[in-house]
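Undergrad: Okay, here's what each chain looks like letter by letter:
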Amino acid sequence: MNNTLLECRDITVRFGRGSEAFDAVSDASVKVVENEAIGIVGESGSGKTTLARVLVGLQTPDQGDVLLENKFLDSGEHTEGISQSDRWKVQMVFQDPYSSLNPMLAGKNAVAEAIQVWTRCSKSKAMNEAIELLGDVGIPPDQASQLPGKLSGGQRQRVSVARALAPRPKVLIADEPTSSIDQSAQAQLLNLLRRLQEERKLAIIFISHDLNLIRYLTSRVYVMQKGDIVEHGPTERVFLTPSHPYTQTLIQSIPGSKSDTIQIIGNSEV
Amino acid sequence: MIDDGPEPLPPLLSVNKLSVSFRVGSGLNLPVIDTADFDLEAQGSLGLVGESGSGKTMLCRALIGTLARHGAVINGGSVSFAGKPITNLGESEWRKLRGHQIGYVPQSSMAGLNPILTIKSQLSEVVKDSIGGSEFDVRREVLELLERVRIPRPTAVMRSRPHQLSGGMRQRVIIAAAIAQRPKLLIADEPTTALDVTVQSEILALINELREELGMALLLVSHDLAVIEEMCSLMAVMYAGATVEVGPTEDLISSPNHPYTRALNTSRTDRARPGEVLESIPGDAVSVGHWPNGCRFWPRCPIAEQDCQDGLQPDLLAIQQRASACIHSDRMGVAA
Amino acid sequence: MSLAVTLKTLNREALYGLSIIVLVILLGIIVPIASPNDASGFVADPLAPPSINLPFGADHMGRDLFVRTFAAARLDIVLAVLGASVPIVVGTFIGVLTGAAKRKIAGALWDALINAITAFPEIVLVLAIITMIGGGWNGLLYAIWLSRWAQYARLARAKTLKLHESEFVQAAKVLGYSRIRIMARHIMPNVYSEAIAYALSDFVFIIVVIGGLSFLGMGVRPPTPEWGGMLAEGRIYLQTTPRLVLFPGAILSLTAIGVALFAQGLARHRKEVVR
Chain A
-19 MNNTLLECRD ITVRFGRGSE AFDAVSDASV KVVENEAIGI VGESGSGKTT
31 LARVLVGLQT PDQGDVLLEN KFLDSGEHTE GISQSDRWKV QMVFQDPYSS
81 LNPMLAGKNA VAEAIQVWTR CSKSKAMNEA IELLGDVGIP PDQASQLPGK
131 LSGGQRQRVS VARALAPRPK VLIADEPTSS IDQSAQAQLL NLLRRLQEER
181 KLAIIFISHD LNLIRYLTSR VYVMQKGDIV EHGPTERVFL TPSHPYTQTL
231 IQSIPGSKSD TIQIIGNSEV
Chain B
3 MIDDGPEPLP PLLSVNKLSV SFRVGSGLNL PVIDTADFDL EAQGSLGLVG
53 ESGSGKTMLC RALIGTLARH GAVINGGSVS FAGKPITNLG ESEWRKLRGH
103 QIGYVPQSSM AGLNPILTIK SQLSEVVKDS IGGSEFDVRR EVLELLERVR
153 IPRPTAVMRS RPHQLSGGMR QRVIIAAAIA QRPKLLIADE PTTALDVTVQ
203 SEILALINEL REELGMALLL VSHDLAVIEE MCSLMAVMYA GATVEVGPTE
253 DLISSPNHPY TRALNTSRTD RARPGEVLES IPGDAVSVGH WPNGCRFWPR
303 CPIAEQDCQD GLQPDLLAIQ QRASACIHSD RMGVAA
Chain C
31 MSLAVTLKTL NREALYGLSI IVLVILLGII VPIASPNDAS GFVADPLAPP
81 SINLPFGADH MGRDLFVRTF AAARLDIVLA VLGASVPIVV GTFIGVLTGA
131 AKRKIAGALW DALINAITAF PEIVLVLAII TMIGGGWNGL LYAIWLSRWA
181 QYARLARAKT LKLHESEFVQ AAKVLGYSRI RIMARHIMPN VYSEAIAYAL
231 SDFVFIIVVI GGLSFLGMGV RPPTPEWGGM LAEGRIYLQT TPRLVLFPGA
281 ILSLTAIGVA LFAQGLARHR KEVVR
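Protein chains in written order, with our numbering: chain A, -19 to 250; chain B, 3 to 338; chain C, 31 to 305.
It should be emphasised that the hints constitute simulated quantities derived from the structure, not laboratory data.
Just so you know, nobody snuck in bad clues.
Straight-line Cα separation of at most 25 Å, SDA-like style, residue types lysine to any residue; simulated pairs:
{"hint": "1", "chain 1": "A", "residue 1": "206", "chain 2": "B", "residue 2": "200"}
{"hint": "2", "chain 1": "A", "residue 1": "69", "chain 2": "C", "residue 2": "210"}
{"hint": "3", "chain 1": "A", "residue 1": "11", "chain 2": "A", "residue 2": "-8"}
{"hint": "4", "chain 1": "C", "residue 1": "203", "chain 2": "A", "residue 2": "9"}
A quick note: this is a predicted structure, and the numbers were derived from the prediction, not measured.
The whole structure should be built from the sequences, with the hints applied where relevant.
TA: Okay, structure coming up:
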């Protein structure tokens, strides 16, 4: 029985032309099942964001396929509300809270729009649902009526989450959702995402450079370096006994990590 | 009392009840720091922790005398460096301190470098300032500096311009410029925030090595407690413009005496158990101009009581080597 | 943001500017109606000095300079508003549409056209067009519109292209919004809000252009009262009766200053209040 929700196979994305061309992503395969939290971790230039964009349909791969619920997807256009593909089932929360919301739309309007597009209900019904959804993510009605410019980074990210949840997706991709916000807001956002995952049985794919975050949040992880997936497996296993040298370097670079990493030299544990 | 030895040296850097405000036209002041307190001994290391709105960036600016160009002034308290007050220095006096005695590494490496000039010309400027000498001497000194910050292929780097280097290399160049004149104090404002984690650990290791080689004190500003744990023996926590706790890093992390410090600890992902709910701080960070009455943390504090809500931000209360601004710190051990 | 809230929080600069503009407009409406004298009627001796009945005196043809000046205000302000706003609205709209152009060729063609038009100094273009289609206040307007729309189209196109890469537009695509919805609800409002900022400073420029062209005899024709025309007519008398030039000139300048103040204040308000 294959309950894989979202999968991509042998994805290659090429940028540039001629001699300047390079593979941002090379032969990458990732999959996630229902109610699972996985991580894609890598530094800058690893291709993790490009891969995320392929998964969500913003980037067309030069090679490879994306499958949603075992059906092939293409990143073609689809008519609003009546999707020829089920692309809407995969939604995304972006990294920069300062540009991921339309600066001229109040939070509740942005969320209501998403609800209206996907349920074709009346404006007032959509607005009520929007306010409820925003309340669920910790944004009270008075904040929901504010323009993004008046909200803090953490609040904006939560509005982004509410907007992403409006079409009731099955997979949520969070691209560095906490990189640009304070630590206290970070904890709130992560708790929120974990709670939402449990309540709605979401599959979540965390894209991050922060290994601690990935270790805390996910059960499986893919490690990327310069476009390749160099290692993948259960998160704890990868952290405690990384097999690829790059993963080892990455883990050793975590501040204060030297105390609790077991290094593997050759095939024996030291 | 009989003196049994020479007078203890004053701390290298001493910040006492420092207040800084923005001038917002016609006599109005917007306080951004009120008050900051901590001491840093020569060759010691102190980590300054705070989130946005805490005032830590302004504090750095006060310590290198660049408040004026950001429209801010010191309007209370004092700062002294090597025993002498530096609260009211003029620009020419600051120029003697900056670089010579106090080195500064900013957050963004592109901000500290001139995009048009080569690395060689920029570092030469700094070097000429301190040692003078012939072209040849200056060039040799620049080369030595680059080697000291472990830059590979220094001659090639010398001919390059900032945009041709990676973020990590640029940061090394900035550090080279900061330590060129062997300052007694190095202030690093989030020096690795914009870098990849592998590069980050190299840069932090470099800073540690240089500290030992040159006997510098380090003031490290960071939002990352793990970094501070690794680099600094002392830690000062800032919230809404005030120092709320100060003391040895280990102690503040293992047994914090202020609810905010404790909350920062419990919301760390690197110390959290996978699957556990993170104890987060409710509400949002308070921004400049919106400080509540009383203890500025009380609206978000799990142990706040009535007396926390009135009056002014509590002063730091020192107990042995530590100080906390929580008037109920005795309840810290009890709170779950 | 509601108008009332915006008005209350405006800074002093903007309020002064706005007051000046409102004052001039009000006078422009009230004075010609309230006064017994007609703007183009011959009511006194030529060059009669100022008196109770003639606050600015009479002009060289014996017309009431005071009424004429403010009647001219009406015309000039309306022309300036039309002259400034139409290119912005239309040009921005075209720019957004071309910015959303799917195929590269279409975009390239538009770029070429827009660059060609904006390469000419505006005044040259305006003069050329007026010469071709004739003057009068309508020729003036058409000439101004045709020579100015392209620069807004260019700005709008550039901004549109940039907005397409911004995360909230990407989010809209991921949410499956149609291209029309994205363009209308997400891109246009953001592009227009930037374009409007230019509108006010343009307004000042247009007033001067209209005045200048009419001064040269290419715009509004006498006897219609219009500031530029009045300046042209009064120029000969500058040495003997300077008020023929000074009064209309002063009101023209005052209006321009008012608009400039308002524009500046509004820009500052936008910067400080809307992040």
